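The sequence shown begins at 773 in this note's numbering and counts up one residue at a time.
All clues stand as given, with none of them false.
Pair ranges (Cβ atoms, derived):
1. Leu841 x Leu808: 11 to 21 Å
2. Ile833 x Ile889: 23 to 33 Å
3. Arg789 x Ser874: 16 to 26 Å
4. Met828 x Tyr880: 37 to 47 Å
Keep in mind that the hints were calculated from the coordinates and are not lab data.
Model, not experiment: these values are computed from the prediction.
Ideal placement from N, C-alpha and C gives every residue a C-beta, glycine not left out.
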Amino acid sequence: MSQSYNRGTIESFGRWREFSAGMWAWIFHKFTGWVLVGYLFTHIAVLSTAMEGAEMYTNTIVTLEGLLLVRILEVGLLAVAVFHILNGLRLLLVDLGVGLESQDKSFYASVILTGAITVASVPTFIAGAF
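With the hints as constraints, model all of the structure from the sequences given.
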């Protein structure tokens, strides 16, 4: 017979402090995956304006690109995509047996690399907004 594991109650909000790097990697990977799926539907909605004519599509893109909020969201989308890619590659290597002993270090490296790439790209994204 299997043992029962006490996962805590829904009210035990303090459990996140006990999470290891592997749990945070799993949470962030799931979150970034759902954000990318949400972006896919948004992207399809914007592209559907092209069916109403090239001028309508161009006006939609120009309007969206003129908004500072959209530029900031694009930076966030880049951060989400870069982390999801790097963490996916990390998971692939772990599944292949490479770097099993240093999973925590590789997770932290992917977070730091994501931050560096995102910060380096901010001037490119924000340049046309002002």
